[in-house]
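**Student:** Each chain, written out:
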Amino acid sequence: MMEAMLSGVGLLSLAIWVPIVAGVLILMTGGDDNREGQRTLALVGAILGFLVTLPLWAGFDIGHARMQFEELAPWVPAFNVQYHLGVDGISMPFVILNSLTTVLVVLAGWQVIQARVGQYMAAFLIQSGLLNGVFAALDGVLFYVFFEAMLIPLYLIIGMWGGPNRIYAAIKFFLYTLLGSLLMLVAVVYLFFQSGASFEILAWHRVPLGMTAQVLLFVAFFFAFAVKVPMWPVHTWLPDAHVEAPTGGSVVLAAITLKVGAYGFLRFILPIVPDAAHELTWLMVTLSLIAVVYIGLVALVQNDMKKLIAYSSIAHMGFVTLGFFLYNPLGIEGGLIQMISHGFVSAALFLCIGIMYDRVHSRQIADYGGVVNSMPRFAAFFMLFSMANAGLPGTSGFVGEFMVVLGAMQENFWWAFFAATSLITGAAYSLWMYKRVVFGKVAHAQVAGMPDLDSREFLVLLLLALLVLGMGLYPAPLTEVMHASVNNLLDHAAQSKLVY
Amino acid sequence: MDMKTLYLIVPLAPLAGALVAGLFGRVIGRTGAHTVTILGVLIAFAASVLVFQDVQAGNTFNGPVYTWLTAGDLSMEVGFLIDRLTVLMMLVVSFVSLCVHVYTIGYMRDDPGYQRFFSYISLFTFSMLMLVMSNNFLQLFFGWEAVGLVSYLLIGFWYTRESAIYANLKAFMVNRVGDFGFLLGIGLVLAHTGSLDYEQVFQAAPGLANEEISLFEGHAWPLLAVICILLFVGAMGKSAQFPLHVWLPDSMEGPTPISALIHAATMVTAGIFMVARMSPLFELSDFALSFVMVIGAITALFMGFLGVIQNDIKRVVAYSTLSQLGYMTVALGASAYSVAIFHLMTHAFFKALLFLAAGSVIIGMHHDQDIRNMGGLRKYMPITWITALIGSLALIGTPFLSGFYSKDSILEAVHFSNLPGSGITWLAVTAGVFVTAFYSFRMYFLVFHGKERFRNAHASHGHEGEEVSHGHHSEPRESPWVVTLPLILLAIPSLVIGYLLIEPLLYGNWFGHAIRVETASHPAMTDMAQAFHGAAAMGMHALTTLPFWLTLAGVASAWYLYMVNPALPQKIRRRFNILYLVLEKKYGCDDFNDWFFAGGARLLGGRLWRWGDVLVIDGAMVNGSARLVGALAGMVRHLQSGFIYHYAFAMLVGVLLLAAWFVG
Chain B
1 MMEAMLSGVG LLSLAIWVPI VAGVLILMTG GDDNREGQRT LALVGAILGF LVTLPLWAGF
61 DIGHARMQFE ELAPWVPAFN VQYHLGVDGI SMPFVILNSL TTVLVVLAGW QVIQARVGQY
121 MAAFLIQSGL LNGVFAALDG VLFYVFFEAM LIPLYLIIGM WGGPNRIYAA IKFFLYTLLG
181 SLLMLVAVVY LFFQSGASFE ILAWHRVPLG MTAQVLLFVA FFFAFAVKVP MWPVHTWLPD
241 AHVEAPTGGS VVLAAITLKV GAYGFLRFIL PIVPDAAHEL TWLMVTLSLI AVVYIGLVAL
301 VQNDMKKLIA YSSIAHMGFV TLGFFLYNPL GIEGGLIQMI SHGFVSAALF LCIGIMYDRV
361 HSRQIADYGG VVNSMPRFAA FFMLFSMANA GLPGTSGFVG EFMVVLGAMQ ENFWWAFFAA
421 TSLITGAAYS LWMYKRVVFG KVAHAQVAGM PDLDSREFLV LLLLALLVLG MGLYPAPLTE
481 VMHASVNNLL DHAAQSKLVY
Chain S
1001 MDMKTLYLIV PLAPLAGALV AGLFGRVIGR TGAHTVTILG VLIAFAASVL VFQDVQAGNT
1061 FNGPVYTWLT AGDLSMEVGF LIDRLTVLMM LVVSFVSLCV HVYTIGYMRD DPGYQRFFSY
1121 ISLFTFSMLM LVMSNNFLQL FFGWEAVGLV SYLLIGFWYT RESAIYANLK AFMVNRVGDF
1181 GFLLGIGLVL AHTGSLDYEQ VFQAAPGLAN EEISLFEGHA WPLLAVICIL LFVGAMGKSA
1241 QFPLHVWLPD SMEGPTPISA LIHAATMVTA GIFMVARMSP LFELSDFALS FVMVIGAITA
1301 LFMGFLGVIQ NDIKRVVAYS TLSQLGYMTV ALGASAYSVA IFHLMTHAFF KALLFLAAGS
1361 VIIGMHHDQD IRNMGGLRKY MPITWITALI GSLALIGTPF LSGFYSKDSI LEAVHFSNLP
1421 GSGITWLAVT AGVFVTAFYS FRMYFLVFHG KERFRNAHAS HGHEGEEVSH GHHSEPRESP
1481 WVVTLPLILL AIPSLVIGYL LIEPLLYGNW FGHAIRVETA SHPAMTDMAQ AFHGAAAMGM
1541 HALTTLPFWL TLAGVASAWY LYMVNPALPQ KIRRRFNILY LVLEKKYGCD DFNDWFFAGG
1601 ARLLGGRLWR WGDVLVIDGA MVNGSARLVG ALAGMVRHLQ SGFIYHYAFA MLVGVLLLAA
1661 WFVG
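Protein sequences, first through last, are from chains B and S.
So that you can map any letter, position 492 of the first sequence is 492 in the numbering used here, and since no number is skipped, the others follow by simple counting.
So that you can map any letter, position 514 of the second sequence is 1514 in the numbering used here, and since no number is skipped, the others follow by simple counting.
Treat each hint with caution, since some may be false.
In silico lysine-lysine, DSSO-like type, Cα no more than 30 angstroms apart, as pairs [stated by the list, open to error]:
(1) Lys-1586/S with Lys-1571/S
(2) Lys-441/B with Lys-1586/S
(3) Lys-1451/S with Lys-1571/S
(4) Lys-1585/S with Lys-1571/S
(5) Lys-1379/S with Lys-1451/S
(6) Lys-441/B with Lys-1571/S
These aren't lab readings, by the way, just hints derived from the structure by calculation.
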C-alpha cells in the first residue's frame, strides 16, 4: 500500500524532502514555548523519513549494478543540469543508515537540549535530507549543492549548541571542508566541458582523460573527500569538532558525514580517474596505514573521552580508504561494511559519552571511575560498544576490519601487517578507557549519584546494540546488496581511460 | 532427530542458558539462573555423548550451517567439522564445564553477581564449543576471540578490585598480540589457498610446500613456515607460551571456578587443539615444528621454576598449568599431536581437580589463599585432601595414574624426535619432571600436612575485596556436597583415564584422518608404537627409568625441606638471593612489558600527538595558514583607502590591462 501511495513521487525524493519539509515546519512553529510539539513533530518527521527509505531495501534488485529508483527532471536546462537521483548497492545502504541515525539523534536530544529546541531539531532534519541528497545525486551540480549545503546545518549545530570553544571548532571545520570542496568545484566544471557539456556523473565515468588531467582531477577530488573522511594529515578538525559538538552533532558527524568523503572516493575518484588512482595507490595506502597506526597510538593518550573516540574514528576510517585502494572485492566491500559498522559503533559510543556527560558534565576520563557501580545496565551496553570498537568478532566492528586485513594480505603482507596492528591498539585505547571510566571503585562523589539509563536512553542503545550484533553475526545480506555494484566498479576501475 | 540438529544443540543449549541467566537474571533469581545454565550444559554434555557414539561408529560430518558473508568468489561460512578430535574436545569441555557449574553453586553462594557469573561461564562453554566444532578459520577466530572476551569478563568479575581489572586488561591485550599473529596467518592462508575452509586448505597445503615468501628484500622464507609460525603465535597467546605467558598467572584474580574451567582445563588448551587441528600444515614445515618444540620446552621448564617460590595456592597451580601447557606444546613440536591431545585431556581432569580442590581449601580457609597460613588441613577437609592428593599424584606422573601415561609419552616422543632442538628439549622436559614433583608436593605438604598454622595467621589477610561473609577464627570445615561432588567426579578420570585410553588414542589410530603425521620424516610416533607393549607394561617399565626417580626425588626433597627441616628453605633463599630475586621478578617479563610495550606505546602516542598533530599539523599548517591569510589581509587592507578616486583609478588600470590582453 505504501508503495502505491508513493509511486507518484519518487522514493528518493521523499527520502530527501520529507525530513527537510518537517524541519521547515518545525522552524515555523516558533520558539521554545512549543518545545513539546516541536520534539514530537521532529520525531514524526524523522520516523517518516526513515520509513520511506525502507522500500529502497525491500525493493532493491541485487542482480545488477545499474542505478535503481531513478528520478530524472530538468533543473537548469541552459547548462544541462538535471535533478537526477538514483542509488546502487554502494549508496543505498547509506541512505537508510542516515535516515535511521536521524531518528536516534532526535531521541538522544529529547531532554538534553532545552534551548532553541525547534532550531536544533530542524537543523538535524534538514541535514538528514541533504545527506540523503548527497548519496542519491547522480548529477554533478546536484551533488555539489547537497555536498556544500550539508555543511551549514552541522556548522550551526556545533556553533550554537556546542561547548565553550565551539566557535574555533566550527570555523576550523567549515574552512577545512570548504577549502577542499572549492577545488572539487573546479573539477566538476572541468568534467562538464570534457564530457561534452554533461553533468551526469555516470557519463563522467566513461570520459577518456589524459594522465595529467587525471592526476589534477584526482588531487582536486582528493582534497574535497580526504578532508571529510578525514585522512591523515587533514584530520585535525575532527577531534576539535567532536569535542565541541553536542552529542547529536557528534553522532551525525561520525555516523554519516565522514561517510560522505569515503563515498566520494568510490563514486568519483576510482571510476572517473582510474589511471591516476592506480598510479597513486601507494600514496593512498600509506596515508591510510598512517591513520591506522599513528592515530591509533594518538588515541591511546587522550584524556578526553570524545577526543579519544574521535581519534579512533579516524583510525577506523583508515581501514575504509585502505580497503578501497586494494582493488579487490574483499577490500572494497570490507571498506563499505566498515563505514556502516562505524556508523553504528561510533554513534553508540558518542551517545554513551553523552549519557555520562548529561549526568556529570565532564568528558574527562579522570573525572569518572567505577561507573558500573551506579549504572550497571549502562556499563553492559558500553562494554558491548567498546568491544565492537576494538573489533571483537560477533560485533559489526569485526567484519569490515577482518575483510580489509584479508584483502590487504592478497596484495602485500606489510599492508596487512600494519592494518592488523589495530587489533592491538584498538583494544588498548577502547578497553583502557573502559577500565578507567567504568571499572573500579567509585572514584568521585558525582559518579556515585549517577542514575542508570532511563527508558528512552535504554531504547536507543538497545536498538544500536541489536544492529551491532546483528551485523556482526550475519553480515551476508549487506554484502549481497553490494556485490553487483562493487564488481561493476572494479571492472570500471580496471579499464584504462588514458587518451594519447 | 538428525545429527545436524544434534550438533547444533551442543553449542546452542549453553548459549540459551547464558542468555536467559544474563538477561533475565533478576527475574528468575539465583536458583533459576543456576538451574537453567546447568540444564543447558547438561544437555550439551548429553548431546556430546550421543555425537561421540555416532562418531565412534565411524561417521564424520563436515558442512556449513549458514553463510556468514560472501565477497568476490569467497564464501565465509559458519559450519561444523565433527570428527574424533572434535568430539573428544566436546566431551572434555562439556564435562569439565558441567562439574564447574555445579561447583559454582557452592563457591559463589554469597556473591551478589551470582546470575552474572553463571551467564558468563555458560557463554564461555558456548564459545569454546563453537571453537572446537568449527570447520573453518573464520569460526575458529570467532570462537578464539569469544573465549578471550569471556575470559576478560571473568578475570575482571570482581570489578572493583584494582588488581582484577588490571589483570583482565592485561590478559586481553596479551591475547590480542597473539591474535594479531593469528590473523596474519589466516590472511596468508586465504591469500595462498583461496579458502578459509579447513578441508580445502589442507588439500592445497602440499602444493605450497616448496613456495617461498619474501617479507624482506633479499630474504626468501618457506611460505608454510611463515604461515605456521604466525598461526602458532596465536596459540602462544591463548595457550600462554613464553613470552606471551605473562597474562595467565595474573588471571588468577578471577574466581576459582573459572581458573579451573578457563585457565586450566579448556580455554588455554585452545592453542594446543588448534595446532593439532592444523597438523596437515605443521607437518610440512620442520622449521615451524622445531620452533614450536623449543618454545614449549622453555615454557615447560622455566615456568615450573616459578611455581617453586609462589605462596598463593592458586598461583602455584597456575604456574604448574603454564608448565604443563609447555609439555603439550613440546609434544606438538615432536609431531606427536595425539600425545598432546591426550595430555590435554588428562590435564583437563587433574588440573581442574587441583584448582577446584584449591578453591575448596580457599573456602575452608575463609578466602585466605596463602599456603604459609595453612597446614594440617587433611584432618578437617578429608574429601578435599584425598582428591587433591590424587590430582597431585596424577600431575607429577605417578605410574598408572592418568598424568603418567600422557607425560611419559611426551618424554618419549621428544626422545624419538629427530628435529633440531629435540636434544635440548628432552633435557628441559626431563628436568621439568623433578621441578613439577617438587612444587606440587611443596604445596601439598604445606596445605595438608604439618603444623596447623591457620590458628595464628588470620591477622594477615591478602584479599580484602573477596566476598568474606563467614566469621573468622573458626576451624576449616569440609565444603558442601556441591563442591566435593565435582572433586570426586574429576578424581575418577584423573586416576584411570590414562590407563584406559593410552592404547586406543595413541597407538590405535583412533584419531584417523583428524590428525595427519608424515611418518616418513617424523617417525617418533611409529618408533614409540614399536616400544609400546600395553599400558600395564608401560607402568611397570617406568619404575626403572629416570623420570620416575626424578619424580620421587622431587617429592622427597619437598618433604625434607618443608616437613622435616622447614628452616632450610629460608637459608637456601638467603644463600642464593640473586637467583631468588630473578624468580621473584618472574625473569623481569612483566617489568619489561610494562616499561617497553605499555610505556613505549603511551610515550610514542603522546609524542605523535603533541609534536605531530598539535605542533606541526595544527600549529604550523592549519593555524599557520590562517595566520598567513590574516597577515595578507592586513596588507591588502591598506589598499582599501576609502577614497572613490583610488578605486576608480584601479578599475581603469584593470580595464586597460584586460583590453590590452584581449587585443594583443
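**Student:** Now, for every hint given, state plainly whether the structure supports it.
**Tutor:** Status of each hint after checking the structure:
1. Lys-1586/S with Lys-1571/S: holds, 21 angstroms
2. Lys-441/B with Lys-1586/S: holds, 29 angstroms
3. Lys-1451/S with Lys-1571/S: holds, 20 angstroms
4. Lys-1585/S with Lys-1571/S: holds, 20 angstroms
5. Lys-1379/S with Lys-1451/S: Judged against 30 angstroms, a Cα distance of about 11 angstroms means the pair holds.
6. Lys-441/B with Lys-1571/S: Roughly 41 angstroms separates the two Cα atoms, so the pair is violated.
Hint 6 from the earlier list is the only one contradicted by this structure; the remaining hints agree with it.
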